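A.B. asks: Protein chains in written order, with the numbering used here: chain A, 24 to 505; chain B, 24 to 505.
Note that these hints are calculated values from the structure, not bench results.
This one's a predicted model, so the numbers in the text were calculated from it and none came from an experiment.
Misleading hints may appear alongside valid ones.
The list cannot tell twin chains apart, which means a pair is met if one copy fits it or any two copies do.
Unchecked claim - In silico lysine-lysine, DSS-like type, Cα no more than 30 Å apart, as pairs:
1) Lys37 - Lys279
2) Lys178 - Lys156
3) Lys279 - Lys444
4) Lys205 - Lys181
5) Lys444 - Lys226
6) Lys462 - Lys500
Number of protein chains: 2
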Amino acid sequence: MGWGDLGVFGEPNKETPNLDQMAADGMLFPDFYSANPLCSPSRAALLSGRLPIRNGFYSDNAHARNAYTPQDIVGGIPDEEILLPELLKKAGYINKIVGKWHLGHRAQYHPLKHGFDEWFGAPNCHFGPYDDKTTPNIPVYRNAEMAGRYYEDFKIEKNGESNLTQMYLQEALTFLQSQHSKDQPFFLYWAVDATHDPLYASKPFLGTSRRGLYGDVVRELDYTIGKILSTLISMGVANNTLVFFSSDNGAATYSKEAGGSNGPFLCGKETTFEGGMREPSIAWWPGHIKPRQVSHQVGSLMDLYTTLAELAGVDIPTDRQIDGISLVNTLLTNTEKERPLFYYRGNQLMAVRIGPYKAHLWTWTNSIEEFNKGVNFCPGEEIPGVTTHNQTDHSSQPLLFNINKDPGEKYPIRSTTAEYKQVIQNIMPVIKEHLSNLKPGKPQLNFCDPAVMNWAPPGCDKNGNRCLKAPPSNLKKCVWDH
Amino acid sequence: MGWGDLGVFGEPNKETPNLDQMAADGMLFPDFYSANPLCSPSRAALLSGRLPIRNGFYSDNAHARNAYTPQDIVGGIPDEEILLPELLKKAGYINKIVGKWHLGHRAQYHPLKHGFDEWFGAPNCHFGPYDDKTTPNIPVYRNAEMAGRYYEDFKIEKNGESNLTQMYLQEALTFLQSQHSKDQPFFLYWAVDATHDPLYASKPFLGTSRRGLYGDVVRELDYTIGKILSTLISMGVANNTLVFFSSDNGAATYSKEAGGSNGPFLCGKETTFEGGMREPSIAWWPGHIKPRQVSHQVGSLMDLYTTLAELAGVDIPTDRQIDGISLVNTLLTNTEKERPLFYYRGNQLMAVRIGPYKAHLWTWTNSIEEFNKGVNFCPGEEIPGVTTHNQTDHSSQPLLFNINKDPGEKYPIRSTTAEYKQVIQNIMPVIKEHLSNLKPGKPQLNFCDPAVMNWAPPGCDKNGNRCLKAPPSNLKKCVWDH
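Just chain A, same shape as in the assembly:
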C-alpha cells in the first residue's frame, strides 16, 4: 500500500472512511517511513528495531540490490536478533502474528521460534498459483504447523475473489476477545498481505471500488481496520490499546494502475525515492493520543520497537545498535525529535534525510535491461540525473532536495548555492559517523536453494499426506535483479 492510497492522504476517490476516521481520532504521520523499500527487510527491521544492514536482511551478491525471502531463500532472521515480541514477553505479553511473516520460512526462522506465541498466516508471499512441481503452493500455518496451502485450501480465485482478509480479520477479533477475558497484555502483529499482488478481495467488496480491483482490496482493508477499532472500543479496552497502521513499502508502481498510489512522491517500491519508503501511517490510542493530531516527526517503522518497549516498561537491548527511537513523547505531547533517516538498498546507503533535506549518495531506479523488459519503477516519471538507470554515485557531491517544498524530488538544490553548502556540511558528518560505526550483520539473503522450499512443512503429514518431495539440493547465490 502506498502513502497516497488513503483518502486522508489525498487519494481522489476517498474510499477509506475508516482509516480517515482513525486519523481524525488519532495522530497522522505524513513523514513516516519504512526502513527499506522492500517487504522482508522492512519487516525484519520493524521487528528487530534495526536496519536490515545490521540484522542481516540484505545481500551482498551484488551492489545495492533489493533482496527478500522467496521460497528458495536459505536464510532468515538470525537467532541473535531480539525481536519485539521477545522483548514484550518480559513484560508478560502474549504475542500473536496474523498474516505474512516473511522473515524466513525454514522451521528455525518461524515466528514461534522468535517470540510469538501464536501464528495464523503464511511465511512467504503467495505468488502463484504454482504447480507444486517446480514450486510448492505456500503453506498457511496455524501456530507451528501447516494448516493447508494457498490456492488448494485457502482459495484465491482467478477473478480475485478470496475470503483471506476476512479470515485474518476474524482471527484478529477472536484473539482480541479471548485476550480480554484473560486480562493479559497482548501484542497483535496484524500483517495481512492484502494489497500485495496477486490482488484479492472477498465477494462483498469485489467490484465496489471506483479504482478497480486494487481499490476493492483497499476498501476491504479499510473495513477491517474499522472492525478492529470498533471491537476494541466495544470491549472497553480502547483507552488501553495503542494501534498503529502502516505499510511495509511504497506502492508497487511497476504494477501500473493495479499497484496503488504514492501520492505526490517519486517512484515506488524497490526504490529509495520517497515513493518507495514513505508510508501511510496513523497512531490511535483514545484518551492518550488526542484526536486530530498531525505529527511531522520523521518516523520509521523501527521506532515501533523502541516505542512499544518503553510503553510496556521493558528495556531495549544495550549490547547492539538499535535504530528505532522512542516516539512516546511524540504520541503523547506531539513534540518532534530531529533524527537522521537512512535509506538503504541492499548493502548500500543510498540517501539520508535530516529535517526537510534529503541527500542522495546514490541514485538508481533499475537497470536499463530490466526497464527495457517493461519493469518500470517510476512510470510516467523521468527526472534527468535523478531517476537514473545506471547506479550513479553522487557521494562526493550528493543530490540534495528539500522534500517539504519538493516532495516529488524534482528540483535538486544547486550545488553552488549557500543553502547546499550549509546543508551538506551538516549532513556529511552524520553520514560519516553512521558508516564508521556500522557493523554490517552477516547477510542472510545471499543463498538460494530449491531444496529448502515449502515442500514438507511441519504438520504436512497430518490431514492427509500433504508433504511434497523436495528436489536435490542446488545451493547457489541468489540473483537479485533490482
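Since chain A is already given, all that's left is putting chain B on it; use the hints.
C.D. replies: Using the frame of chain A, we list chain B on its own:
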C-alpha cells in the same frame, strides 16, 4: 492553487486547517474542474456559465492556444453575456467583487458594467514590477475609479511581503457585516490573486510554512477563509449563506516548487491534463449541506452560475447554451448527475470526460521551442505519446484513460480492448453532438495594442495626476505561445 495544495487533498505538510475544517463541515468535491486551464477564460466561464468558446474568451490566431487578458488585450467580456451578478440582481442581490477581475480592463468591460455593484481590486494580473514606461503598473480600483497602483500605492516588497490579502480579507468582512445590517441578499465574489506569481504574504505569514514562500501564501489564504467562515457564523447568517471555494486553474507547475501541487494529477496550468483543470473545491452551507460529505459529482465552475441562479430563484437565460448544470440536488442530497465535461484549449476541444473515462482528442504540453527555453508544464513527468510537444491529433482514435483508476493519465486503455471500443462508442456521439451544436462566440482575445494598457484609468486624475501618456496605437494580433 492546485488540487494537491490542500491538506484534505493530500498536501503532505498539512498546512490548511481552515480549508480542511471547511471540508469536514461541508462537502468536498474531488472531481471538480475549471472550464479552462488558464485564468481569464476560466473566470469568464464561471461568471457566464458558458464555455470560453461560446463567450468569446479564446483566440483563433493560432490553433489550440491559451489566451488571457494581459494589459495590451483589446477585448473583454461581451455585453451580450449575461453574467451571474446580472442574474442575481433580478432577485434583489447586491453583488461585490473583491480581487482580480480579468475579464477585460478597458472601461466598458469593468465589473460595474456587468452586474457588480461594488469592486475593490485589479483588472489584470500584477506581473511586475513595471517601469511605467513600456508598461504601466496595474491599477487597483475602488468601484469605478482607480484607487492607486500596485507597487506604488499597494506595496509588494521584493522579499514577498505584502498586506494585499489582508486588505482583500478586510474588504470582504466589512462588506459582509454591512450587508447583514441591510438584510439584503448578497453575492460576494472573493477573487483574490494570492498564490499567483509573484508570490506575496503578509509579515505574520512570511517564513512560517514548511513549503517556503508558496506555502506562506497558502497558509494566509487558508487563514482568510477561516476568518470569512467564522464571521458568517458569528453574524448568525451561516445557515443562509452558501460558500464555495475553488481555484481558476491547476497549479503552475512551470514555476517548479514555487508553483503549487496538483497532487497525483498530470502536468498543470495551461494543459488539459487533469493537473491543469482539476480544482480543490469545497461547498459549505451549515444546516443545508451535511458535514463530512464527499461528492464525486463531475462538477465545473460553470455550475455555480446555474446552481446559484436556482437557489436565488431566478431563471437562467434560455436564448443561449448554458454549459453549467444545477448542483442544488448534489449539495442538498449528495446525488450525482452524469454529464460530459469538455476540456478546451483556445479554439480546440482537446478532451472529454464522461463518468470515469477521459478521451483525449488532442494532446499538447507546449512547443519544443518553449520547452527548450525552460518552460515545462509537466516537470519530472514524461508519458510517451501523451505529454507530447507536438500538437498531436488523436481524434480518429482518442487516447482513453480511466481517471478514477489512473488519475495520473499514465496508462492509456489499449484501443484493441472491448472496454476501449465500448467507451469510445459512447463518447463519440457526445462529442459529435457538442461540436455540431457549437456556435463559437466572436473571439475576444485576438488583438493586442499597447495603447489600450492601463495608462489612464478612470479616476487617474484624482489624488494628484496619476494618468500616464499612452503610446500611439499599434494594433496587432496577439502572440500566444502556449
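A.B. asks: Decide, hint by hint, whether the structure agrees.
C.D. replies: Do the hints match the structure? See the list:
1. Lys37 - Lys279: both (19 Å within a copy, 27 Å between copies)
2. Lys178 - Lys156: within (19 Å within a copy, 77 Å between copies)
3. Lys279 - Lys444: between (38 Å within a copy, 21 Å between copies)
4. Lys205 - Lys181: For Lys205 and Lys181, the Cα distance exceeds 30 Å both inside one copy (41 Å) and across copies (67 Å).
5. Lys444 - Lys226: between (57 Å within a copy, 28 Å between copies)
6. Lys462 - Lys500: So Lys462 and Lys500 pass the 30 Å test inside one copy only (22 Å; across, 70 Å).
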